[in-house]
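Sequences are here, hints too, so could you generate the full structure?
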Amino acid sequence: AQSVTQPDIHITVSEGASLELRCNYSYGATPYLFWYVQSPGQGLQLLLKYFSGDTLVQGIKGFEAEFKRSQSSFNLRKPSVHWSDAAEYFCAVAGSGYSTLTFGKGTMLLVSP
Amino acid sequence: NAGVTQTPKFQVLKTGQSMTLQCAQDMNHEYMSWYRQDPGMGLRLIHYSVGAGITDQGEVPNGYNVSRSTTEDFPLRLLSAAPSQTSVYFCASSYSWDVSYEQYFGPGTRLTVT
Chain A
1 AQSVTQPDIH
11 ITVSEGASLE
21 LRCNYSYGAT
31 PYLFWYVQSP
41 GQGLQLLLKY
51 FSGDTLVQGI
61 KGFEAEFKRS
71 QSSFNLRKPS
81 VHWSDAAEYF
91 CAVAGSGYST
101 LTFGKGTMLL
111 VSP
Chain B
1 NAGVTQTPKF
11 QVLKTGQSMT
21 LQCAQDMNHE
31 YMSWYRQDPG
41 MGLRLIHYSV
51 GAGITDQGEV
61 PNGYNVSRST
71 TEDFPLRLLS
81 AAPSQTSVYF
91 CASSYSWDVS
101 YEQYFGPGTR
111 LTVT
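Chains as they are written, first to last, in the numbering used here: chain A, 1 to 113; chain B, 1 to 114.
Everything labelled a hint here was simulated from the structure, so no lab data went into it. Be a bit skeptical, because a hint or two may be false.
Result set (EDC-like, lysine to aspartate or glutamate): computed pairs, CA atoms no more than 16 Å apart in a straight line [stated by the list, open to error]:
1) A:K68 to A:E88
2) A:K49 to B:E59
3) A:K49 to A:E64
4) A:K105 to B:D38
5) A:K49 to B:E102
6) A:K105 to B:D98
Below you can see the structure in the form of C-alpha cells.
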C-alpha cells in the first residue's frame, strides 16, 4: 500500500527566507504526486502536481517541487516566503486505481517577521 | 459551475444520533471520495466510489455508510454518532480519464459529537 511521510510537523521560517518542505512517498508504480495547502479553517487548495515529464514542477503562488525517484521524494520549495504563506501543507500520492489520495500528516508552516 | 458542494458546513450531534453529510458535484466526475481530517493525522480516506452504484471502503470506514445512486451525489451516513467521529469531513471528486488524477475538494463539514 502507498504511504506518504512528511518528517516535519512544524517549520518556522523568517519572512523573505527560502523554504523547503520535505515529502517522501512509498509507491510501487509511477507515482502521481500532489501538494495541497490549507489555511486555518479553510478547505484544500492544490499548489502543484506531478504525473509525468519534467521532474521540476511549477505551481501557484511561486511554489515549485522536484520529483526525485531515486530518493522517493517530492519536496516543496519557495525562494522567498511571505507572511501569507503561513498555513498547513499536505503532500499526497494518488492511490491504486488513481481514484483516491493518500495524504501525509501535514507540515505547519509558521512565518516570523 | 458550482464544483463540489457540501452541506451542512457545521453540525453538532449528540452521541447515538444519526445524520447524513451531503456531497454533490456538477462536473460529471466518475470518482468521488470522503475523507476525514483530524489534527496531526492529515486526511484519511473513509469511503470512495468509482461510479454510480459502486462503492468501496477506505482506510477508516467503521461507523460510516455510503451509497451512490447518481453520478452527482455521494452522501455519507453516520448511523450512530460517537465522539470519535468529531472531525472535519471533506468530499472530493475527479475524472477517471484525467491523466493527472487531480481531485477537486469541497469546502468541508465540521462535525462535533458530544
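Out of the numbered hints, which ones does the structure contradict? 1, 2 and 6
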